[in-house]
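One line per chain: the protein sequences are A and B, in this order. Start counting the first sequence at 5; every next residue gets the next number (this note's numbering). Start counting the second sequence at 5; every next residue gets the next number (this note's numbering).
Treat the hints as calculated values from the structure; they're not laboratory data. These numbers come from a predicted model, not from an experiment. It cannot be assumed that every hint is accurate.
Intra- or inter-copy, both count: the list cannot distinguish identical chains.
Listed next, the in silico DMTMM-like pairs over lysine to aspartate or glutamate satisfying Cα-Cα at most 25 Å (straight line) [unchecked claim]:
{"no.": "1", "residue 1": "Lys133", "residue 2": "Asp53"}
{"no.": "2", "residue 1": "Lys118", "residue 2": "Asp132"}
{"no.": "3", "residue 1": "Lys148", "residue 2": "Asp24"}
{"no.": "4", "residue 1": "Lys133", "residue 2": "Asp24"}
{"no.": "5", "residue 1": "Lys148", "residue 2": "Asp159"}
{"no.": "6", "residue 1": "Lys97", "residue 2": "Glu48"}
{"no.": "7", "residue 1": "Lys148", "residue 2": "Asp132"}
There are 2 protein chains.
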Amino acid sequence: MPPRTSSPMPSSKPTPVTMDAVYTAPGYLFRRMQQIAVALFIEECRAFDLTPVQYAALVTISTHPGIDATRLSAVIAFDRSTLGNVIERLQAKEFIARKPSPEDKRVKLLYLTKAGASVLNEIMPAVDKAQARMLQPLKPADRKTLLSLLTQLVDLNNEASRVPLRAEDALEHLGRSG
Amino acid sequence: MPPRTSSPMPSSKPTPVTMDAVYTAPGYLFRRMQQIAVALFIEECRAFDLTPVQYAALVTISTHPGIDATRLSAVIAFDRSTLGNVIERLQAKEFIARKPSPEDKRVKLLYLTKAGASVLNEIMPAVDKAQARMLQPLKPADRKTLLSLLTQLVDLNNEASRVPLRAEDALEHLGRSG
DNA sequence: GCCATATTGTCAGTATACTGTCAATTAAAT
DNA sequence: ATTTAATTGACAGTATACTGACAATATGGC
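Using the sequences plus the hints, can you model the full thing?
Here it is as structure tokens:
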């Protein structure tokens, strides 16, 4: 961040504020891009009644059948409290089913239903289209650069959020069956 | 987006899904960075009782005294409905005041209070620190590149969100006094 | 085996976001 | 001038997010 003033001397006068304090802040730009990304996802996937978060949860349950809510939250780095409601909605739509774990009475295991597997398969092209659209305005080389820097940044800042991502391999040694 | 399969022939078989369908999607990465950006902002600004959105609103009211809620929403590209609650909270904290417009009985004009101007002045260093922290893990040259690409992308996708940004100059010719 | 500790799912409370709607008011059309 | 359009702020409803708490259950140290 460049300094907001170029005063050569320290001063107690109020700093003059400009809109640059908003527009050039990376946090503001990330917020805008998130809004845009969600809007494009919803637009492309209107026919499927799935939000971006619900899609991510569905993909993860598909690749990790029998995962529980806490581990699901770690694999996609979504808040555990938030995920409770997401799971409820996916269950209400009958895209997933929950079964109590025989090993741990606290845990409820998550599985895709036929309808869930079906909608996941069908929504893929629309999701890809939305993801492509949000980078479309950039030149192909710039898209690659941005995606690379973004991936690095998310990874390097992993511990900064409440729910850091703990990918599959990081979960294996925590597993009840491993 | 790379194709999810490398099948040489069209097929009706279900596509094998991997976590890449989540992890490599730009929309997912933007969501993560937004989470991280908010977490860092809240952490650095804990002493000031201001959220990122409230901060952006306060900056804008500071640079546009007497702006109304609808124009405020256009200048920072936040949803009008959402902004109503944000304004209420800023008013409850006595950081802003609302006065009815003498020219238009529908409109309520927004002004910073002394306390609002004061908190805005005091929070600046913490905000700058948070913004710097989220890019810190990258090399300086990469930070510049990312910020540049991100700025371009937000600008070029401006119309994709519900509330496109209409900056100050775009508002002037809509103004009641212009 | 018992007790302190940790984990799981859940819940209440707050704060963004978006959709759609509405009454009051203003501006535009004719 | 009167009907029509658009605008403004507000509201209800849904969906993320995070904080902090809680009961039920598991696990570890001893």
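Which numbered hints does this structure break?
none
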